[in-house]
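S.K.: Chains as they are written, first to last, in UniProt numbering: chain A, 1 to 290; chain B, 1 to 290.
Don't read these hints as lab results, they were simulated from the structure.
Note that the structure is predicted; figures quoted are calculated from it, not measured.
Be aware that a few hints might be false.
What the hints assert, rightly or not - For lysine to aspartate or glutamate, the following EDC-like pairs were computed, each having C-alpha atoms within a straight-line distance of at most 20 Å:
# : chain 1 : residue 1 : chain 2 : residue 2
1 : A       : LYS225    : B       : GLU284
2 : B       : LYS94     : B       : ASP157
3 : B       : LYS264    : A       : GLU257
4 : B       : LYS80     : A       : GLU211
5 : A       : LYS258    : B       : GLU265
6 : A       : LYS174    : A       : GLU30
7 : B       : LYS268    : A       : GLU30
8 : A       : LYS246    : B       : GLU274
Said to hold, decoys possible - Covered stretches of chain B (in silico footprint by chain A; criterion: 3 or more residues with CB under 8 Å from a CB of chain A, positions within the stretch not fixed):
#  : segment
9  : 180-190
10 : 202-215
11 : 235-247
12 : 272-283
Using N, Cα and C, we set each Cβ at its ideal position, and we do this for glycine too.
There are 2 protein chains.
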Amino acid sequence: MEKDFGGFKGILIIGLGIIGGSLALALRKEGYKGKIYGFDLNKNRIEKALELKAIDEGYDFYEMIPWENIDFVVLSTPVKTFESIALKIKPFLKDDTVISDVGSVKGDLVLRLYEILKPHVFVGVHPIAGTEKEGIENAKYDLFKNARLILTPVGEDREKIEKVEKFWKDIGSKTEIMDPHLHDFVFASVSHLPHAIAFALVDSLIVLSKETGIDLFKYPGGGFKDFTRIAASSPTVWKDIFLENKENVLHTIDVFEKSLERLKEAIKKEDEKEILNILSESREKRMSLD
Amino acid sequence: MEKDFGGFKGILIIGLGIIGGSLALALRKEGYKGKIYGFDLNKNRIEKALELKAIDEGYDFYEMIPWENIDFVVLSTPVKTFESIALKIKPFLKDDTVISDVGSVKGDLVLRLYEILKPHVFVGVHPIAGTEKEGIENAKYDLFKNARLILTPVGEDREKIEKVEKFWKDIGSKTEIMDPHLHDFVFASVSHLPHAIAFALVDSLIVLSKETGIDLFKYPGGGFKDFTRIAASSPTVWKDIFLENKENVLHTIDVFEKSLERLKEAIKKEDEKEILNILSESREKRMSLD
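Let the sequences and hints guide you as you build the complete structure.
M.R.: Laid out in structure tokens, this is it:
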């Protein structure tokens with residue numbers, strides 16, 4: 001099928017961080033012919049985005065945006081800001097403008113955004129293109145290329161949902177549809193829990209360093225660096241994810257704590273068979289992913 | 001200084017797994033002129049090592065080994081086997097033969113091995129060259145090249161300690177000396193704890209998958225694969241490490257559990273400031289490593 005990026009002629013990206021910036025660069029790279037507008041509260045980011053030729057025009061006041069030219073809006077800020085932004089921009093939107101996002105939490109949030117923005121259509125999107133980096137200066141034109149991307153539509157606006165899917169397919173992402181609540185449980189397990197653990201692991205090494213007067217961060221061998229890479233992720237982005245997906249995150253932490261406790265007890269009792277059971281089962285599962 | 005690999009003329013590697021195999025291949029690659037003997041209880045591994053030209057001769061009975069040719073022995077089996085191997089080989093050793101290892105636990109274990117093997121000299125060694133792979137078929141000639149390597153000598157046998165250090169320097173490792181108990185605390189924190197967590201994390205995803213009937217391993221995005229790579233490590237090797245370094249491992253798990261509990265409580269209470277504190281502190285520390 002010919003590339004038409006869902007037929008959108010004017011795209012507004014709200015939030016010019018690494019994800020918003022990478023989206024703009026990807027559109028350029030993949031041959032998008034329409035206009036790209038950027039919004040950010042931070043003027044430096046707008047300047048950087050203009051400098052990179054990522055956007056055609058940049059704004060830090062919603063009132064100034066040429067809304068008549070915009071038929072697709074992508075929210076690319078921390079997820080906790082989505083609802084207030086939706087309320088702010090709603091009065092400006094053209095009738096058939098589609099609103100979407102690139103947030104890591106879906107669930108009730110997409111239902112609320114759908115309600116807030118009605119009769120405009122909101123389509124939730126989560127590109128699985130994680131990076132611990134931040135800021136438009138780290139944007140990459142190929143961040144979404146061949147990356148998985150989950151759409152979590154609600155409602156029956158098939159045509160507009162398909163336009164959003166085509167938009168991302170033309171950027172090169174591998175799209176799939178998922179129920180928003182299933183999405184939040186799955187990503188609490190495979191992404192939010194690992195992030196919580198990575199942050200806590202680094203925190204525990206800070207505590208252990210203080211306790212002993214030995215700077216453990218001088219010895220980053222043994223897989224520690226790879227393992228904690230994601231602990232360098234943006235605190236604001238992740239605070240929002242943990243809070244917005246609170247119930248799932250708390251539940252997966254509980255289950256993880258029990259698994260760790262089981263291993264700890266086996267080590268304490270020197271129960272070699274039980275330790276081997278846990279390690280072998282985990283290993284087998286993990287190896288099946290490669 | 002000229003390469004002489006510590007002046008050792010005949011090396012016996014006990015245990016032809018990935019580490020023992022990589023050591024033999026590294027010696028070849030770096031121009032070692034002496035003989036390399038291999039011992040393994042598994043005949044297939046010996047055959048594979050001979051096929052790879054990693055070793056000159058292979059044995060599965062200690063009695064058959066030409067001990068008169070051997071002046072350096074490297075233990076390269078799971079750490080829990082070291083003491084019984086030391087007791088078995090001691091009667092065969094020439095007077096000035098030096099014994100060493102490549103194990104991940106030092107502490108009391110090196111003191112016990114030193115006592116068992118006296119008047120022969122034992123020098124503990126830990127190459128920080130982790131891999132989750134197993135078996136001589138995954139051996140790599142450059143596994144130790146430019147890798148850090150910790151020596152944990154006890155006793156006053158300066159000359160022999162220096163020979164062992166020279167051996168590894170000539171292979172290309174960056175050597176450093178550390179107290180064996182400090183070593184075990186440090187590596188419990190930066191390596192054994194992360195491994196325990198990775199095994200427990202995969203276990204918790206098995207539990208969550210069963211609980212919900214959703215195969216979470218179908219969604220390995222969001223950093224999960226990198227994060228759990230080390231959960232594919234050898235169960236036997238890691239069971240031994242956890243047990244041999246039990247007190248340190250249990251203590252670091254306790255401290256980590258408190259850190260995770262602190263983050264969990266902050267999420268539960270929606271204490272944004274506390275969450276940001278934990279995430280920002282961890283991020284800053286983690287970023288300082290890059």
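S.K.: Evaluate each hint against the coordinates.
M.R.: Against the structure, the hints:
Pair hint LYS225 (chain A) plus GLU284 (chain B) holds up; C-alpha atoms about 14 Å apart against a cutoff of 20 Å. Of the pairs offered as hints, the one joining LYS94 (chain B) and ASP157 (chain B) holds, with about 17 Å between alpha carbons and a cut-off of 20 Å not exceeded. Between LYS264 (chain B) and GLU257 (chain A) the alpha-carbon distance is near 11 Å, which keeps this suggested pair within the 20 Å criterion. Of the supplied pair hints, the one linking LYS80 (chain B) and GLU211 (chain A) is violated, its CA atoms being roughly 29 Å apart against a limit of 20 Å.
With a CA separation close to 16 Å, the supplied pair LYS258 (chain A) and GLU265 (chain B) stays within the 20 Å bound. Proposed proximity of LYS174 (chain A) and GLU30 (chain A) is supported: the alpha carbons are some 15 Å apart, at most 20 Å. A distance of roughly 43 Å separates the Cα atoms of LYS268 (chain B) and GLU30 (chain A); the hinted pair therefore is violated under the 20 Å criterion. For the hint linking LYS246 (chain A) to GLU274 (chain B), the alpha-carbon distance of about 15 Å falls within 20 Å, and the restraint holds.
Check on the segment 180-190 of chain B: 6 of its residues sit with their Cβ under 8 Å from a Cβ of chain A, so the three-residue criterion for coverage holds. With 10 residues bearing a CB less than 8 Å from a CB of chain A, the segment 202-215 of chain B meets the requirement of three and the coverage assertion stands. Using a Cβ-Cβ cut-off of 8 Å, 7 residues of the segment 235-247 of chain B lie near chain A, which meets the minimum of three, so the contact claim holds. Interface restraint, the segment 272-283 of chain B with chain A: holds (9 residues with C-beta to C-beta distance below 8 Å; minimum three).
The structure is inconsistent with the numbered hints 4 and 7, although it conforms to all the rest.
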